[in-house]
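Protein chains in written order, with my numbering: chain A, 1 to 324; chain B, 1 to 313.
What the hints contain is simulated information worked out from the structure, not anything from laboratory work.
No experiment lies behind these values; they were computed from the predicted model shown.
Every residue, glycine too, gets a C-beta built ideally from N, C-alpha and C.
Be aware that a few hints might be false.
Claimed, not checked - Rough simulated footprint, nothing fancy, chain B against chain A, three-plus residues with beta-carbon under 8 Å:
| hint | stretch |
| --- | --- |
| 1 | 154-161 |
| 2 | 255-266 |
| 3 | 277-286 |
| 4 | 289-300 |
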Amino acid sequence: MAAESLAPATTNRMERAYKPRSPLRSAFDRLVANRMAIFGGVIVLVFVFMAVFGQWLTPKDPLYQDLMRLNEGPSTEFWFGTDELGRDLFSRILGGARTAMLIATLVTLIAAGLGTVIGLLSAFVGGWVDSALMRLADLLMAFPSFLLAAFLNATMRQPVEHRLKDLSNLTGIEFFTNRQVVDFVVVFGALAVVGWSGYARLIRSQVLSLREREFVEAARSIGASTPTILRRHVLPNSIAPIIVAVSVNFGNAILAESALSYLGVGIQPPTPSWGQMINANLDQWRYYPHLVLVPGGVLALLILGFNFLGDGVADALNPKQGRR
Amino acid sequence: MASFVLRRLLAFIPMLLLLALLTFVLSYYGPGDPVRLIMGENWSSEEVYQSLRHQYGLDRPLMVQFADYLRHALQGDFGRSYQQRVDVGELIGRALPVSAQLALASIFLITVIGIGLGVVSALFLHRWPDAAISGAGVFLHSVPSFVLAPIVLVLLVLKLDLISTPTGWHGLFSVQTLVASSIIAASPLLGVIRQTRNSVSDVLSEDFVRTARAKGLNEWHVMATHVMRNALAPVTTSLGLTFGYLLGGSIFVESAFAIPGLGQLFFSAIRTSDYPLLMGATIVSAFWIMLMNLVVDIMYGLFDPRVRSGHGS
């Protein structure tokens, strides 16, 4: 390890003038060398595969209820058994993978996007806008955001449904009255509303500190415009911490969604969601433990995969911090 | 110190006000008509409906209702629960001691186990015990408490047959409380382990530690008086960050184990759209978390005199 990290340092000085070694490239090399991260990455890839192709792989219809065969244990016909309504649990787990992955990617991207816009706004406008936005971020961070998300979900579902219905009448697009769409809008919205504060603080502090650096001053003195400085200097230098924050938050988004669904305010049945499956069968754990353990195990496995991968990404992008 | 505490307490006021306003507005526009809930079976009579609406003051403008709510809340009156027909203050008063004891037990476990494992990690930095502890920490952090609770239940009751009645509240010093608080402690443990590991390993590479060892002090003495004193201050901050987790965890664990605490109230309130209870529980738990964070900051000052003098200016 030591020899490896020394070698580029000595050659770098000569090479740098012609072809700089990309920091993202070397971060990627470090990521691949991390066994835990690869383990997490493989888990995540398996779930991505399940989410994308699960629809065509399900042995049964995840919504079909065979009321003669309730709560059966695992068998060759039903790999994970059947649930409280006689549906094939394996097919429902596959459907849940789709929900979980959709949530993980969309919630994280929406929250990160919202946070980036607010952070940039805060840093560039400054003044009372800055302090108002940052006080709001303080409030969100001081309070367990999960409670607020649950509160938003519990209260905002009906109003959102009505608005979407109006929108559907206005545009004539059926899409907006789909129950699943309403669910997703409410859950995504609530999780993004409580999730942006961390990103906003990160971006704001990055911009504020980078703005004072010599290379930005140099760029400004040779007449570069603000958008150019943002694109060429500020963004490339703040990309690593943003990637770290995003990669660590995938697991959190899945956890938050399943927790909301467990409380009964997240994704509504019959759309499959692992958290809601656990909740539906929790009082039966003595008699049908598999109905709780299978969705719980799958959920934990996916979050574990995301966390290992996220930690690996964080270590790869901050080599100094990881190997003190 | 006193002025620091006072200033922090004053900063609670706008935050709690904003939170109360937010939750009040959300409940106002949320689904479920409280009057219909109160009327129960006789919901068809329009006259009764209107008079009840008037009687509860629900026909007044939003801001007037909010001011009224605040005035009562300041006197400890959070209204009546829609579902349980009892004063919210009374429900919370009964639940709070249970949750506080459960949180105390969890904090104790997090502190002892987290700092212990963190120190072990730092002493074996980059060797297998460090990797094993880190892996186990990530594992425990990844399993949600509402997954861990049924797994532990199945294991302890069905497989090992150790306890027969795992649910309910049996006092602070009982197996049931130990099990429940361990599950709550599982997720926030990782942060404390990592913070301890990093700050202890930082301090271990300081010059004064080398000096202390060179003087021939024994290793225990070096650890206790030179390393831990300096390393623990940042750890208290990471302990403070766990309070939010504790509350979140207690919602799931209390509902899975049928423990009559604040988390249980929150769980049932959210499932039945019981807004007065939901608001009361939210505001009280937010206040509790802020208070605990303040306690942590005060402890931080006690550990590290530099912070104390910094705040005095």
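Evaluated hints:
no.: 1; hint: 154-161; verdict: holds (count 6)
no.: 2; hint: 255-266; verdict: holds (count 7)
no.: 3; hint: 277-286; verdict: holds (count 5)
no.: 4; hint: 289-300; verdict: holds (count 7)
In the structure shown, no violation is registered for any of the earlier numbered hints.
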